[in-house]
Amino acid sequence: MTKSTVRGAFTAELLALAKKDRSLYALATDSRGSVTLTAFADELPSQFVECGIAEQDAVGIAAGLANAGLRPFVCGPACFYSMRSAEQVKADVSYSHMNVKIIGVSGGVSYGALGSTHHSTQDIALMRALPGMEVYLPSDAVQMRALTRYLASSNEPAYVRMGRGPVPEIYTEKDFFTPGKAVKLLDGKDAAVIACGEMVYWATEAARILNEKGIHISVYDMFTIKPLDEEAIMEAAGTGFVLTVEEHAVYGGLGGAVAEVLSQKKPTRMRILGLPDEKVYTGKSEEVFRHYGLDGEGIAKAVREGLKK
Amino acid sequence: MNANELARIAARTRAEALTMIHNASTGHTGGAMSATDILTVLYYDVMNVDPKRPDDPKRDRFFMSKGHSCEPYYAILADRGFFPRSELATFSQAGSRIIGHPNNKVPGVEVCTGALGHGLPVAVGAALGAKRTGQKYKTYVVMGDGEQAEGSVWEAAMAGANYKLDNLFAVVDQNGLQISGPTKNVMALDDLAAKWRAFGWDVCEADGNDMQALLDYFHAEHKQGKPHCLIAHTVKGKGLPFAEGKPEWHHKVPNDEQLQEAYRALGVEEVDFND
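Chains as they are written, first to last, in this note's numbering: chain A, 1 to 309; chain B, 1 to 275.
With the rest of the complex left out, here is chain A (with noise of 0.2 Å):
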């Protein structure tokens, strides 16, 4: 199976994207090496504007910039734009609906190893909880690029949060996106998988895992937290169980989000997987993935556990 990165697939498709639309702009926080973009600012200075090491000033900017009348991404690590610049996401961006894109690379657990100063696994709950604000959780590099051609024409503000690694290409380039729909992945009548970023490959190696053993399951990819899919969830829980899977707090991230939709419209056996309320271990993303069963293994395990219930 290809890998690839989906911060590469980002950058490549923006330098690409903004040598014809000179109004789109690139801005980093001494991120051009963690983000790519590199060949960005190698190739357009003009468009690329460094902040160093200050994502509240950095989103402030892109705010200005915004107003200027140009169409400015902020790129940098998840953790620090989640939270460091929070109140100019809120502020400047959400509330004074200014066309600005949050830009988090290398979230979730993908900094593994240094600890939870770097990891980003509040960012769903806080960014989609800000009126206005879109917020995205690509889950290859081929769905990244499609997305990037949505963003750099949208109006609107939005977050966009991806891993580091190399992943898995779930999709082909005939493959089409639209913000508000899901993908339904695997059809299958026992449960449903519903997950978004990295977690949307596991939640197919679960269903091969399950396959084996004649459970057939749903898998939906549900890289548009917000706007939210409310008719694929409604699917999903014609199944009688959903399981929603991701690599974030399991307060108020994509189980959040499904469960607010099926309590108040369809209640519906479900399970929210996601890393627990406790100082998160440590490791490489694959290494906390198992640790917390958010592999093909766990998540095959927490279907089968909710099938018996």
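These aren't lab readings, by the way, just hints derived from the structure by calculation.
Every residue gets a Cβ at the ideal spot worked out from N, C-alpha and C, and that includes glycine.
Hints are not guaranteed to be accurate.
[Stated by the list, open to error] Selected chain B positions facing chain A (in silico; Cβ < 10 Å):
(1) 61
(2) 63
(3) 103
(4) 111
(5) 119
(6) 123
(7) 125
(8) 126
(9) 128
(10) 132
(11) 155
(12) 156
(13) 158
(14) 162
With chain A's structure known, arrange chain B on it following the hints.
Below, chain B alone, put in the same frame as chain A:
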């Protein structure tokens, strides 16, 4: 416009702002009064803005970073014709867009402010955007002196100098008081001008309640290659005999007698919010 005419407008603006606060029983009286002369000079003389075209890309940009001093700002925007004066009567009323901090649903207001330390970074972005795209507009931002304790101010100060934003004017309304008392006792700022100079800005100091001094500053030749900072020495509660220099008037509301006393001191007979 000459200093005397501007002073008359500022007196009327103070009376209107105080009336809004009195009617709503809420507002930030002291800082509103200290900043009124700065706002008056900018909106009636210095800045290129067209109330009929609030989104004109060529407009000068203004950011009220000390957003709590919004009452004279709204009064001036209404008087300049950005929105109907009658809306000033709805200040802080349920459902009004004329709320207790600048709201960019109001024509003429660029971004929502009120959380301190936000205006300068946004102003840096607006000024940088102009530089990068060859637009000629200038960017103005008004901050408070208590606000200077916010770290984000200094992040933006560094960026403004780094990008040599000589199209950016930051005014610090240094009235010396904040909600808990004298700024020097809350978090000492001195030497504030030296701090801004050390951050790479072209710094001047002036009496921020003296129209002629403000006109002289804004009409002077300004150095190229550096952003500009005016430390405007002001009096909190300026123009209100009962409030000048008194920390408790940060957000105290005048009673009926005090409102009349203020009108007399300002030489304003009455205030109405008719269109």
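For each hint, the structure was consulted:
no. : hint : result
1   : 61   : holds, 7 Å
2   : 63   : holds, 8 Å
3   : 103  : holds, 9 Å
4   : 111  : holds, 4 Å
5   : 119  : holds, 8 Å
6   : 123  : holds, 6 Å
7   : 125  : holds, 2 Å
8   : 126  : holds, 4 Å
9   : 128  : holds, 7 Å
10  : 132  : holds, 6 Å
11  : 155  : holds, 4 Å
12  : 156  : holds, 5 Å
13  : 158  : holds, 7 Å
14  : 162  : holds, 8 Å
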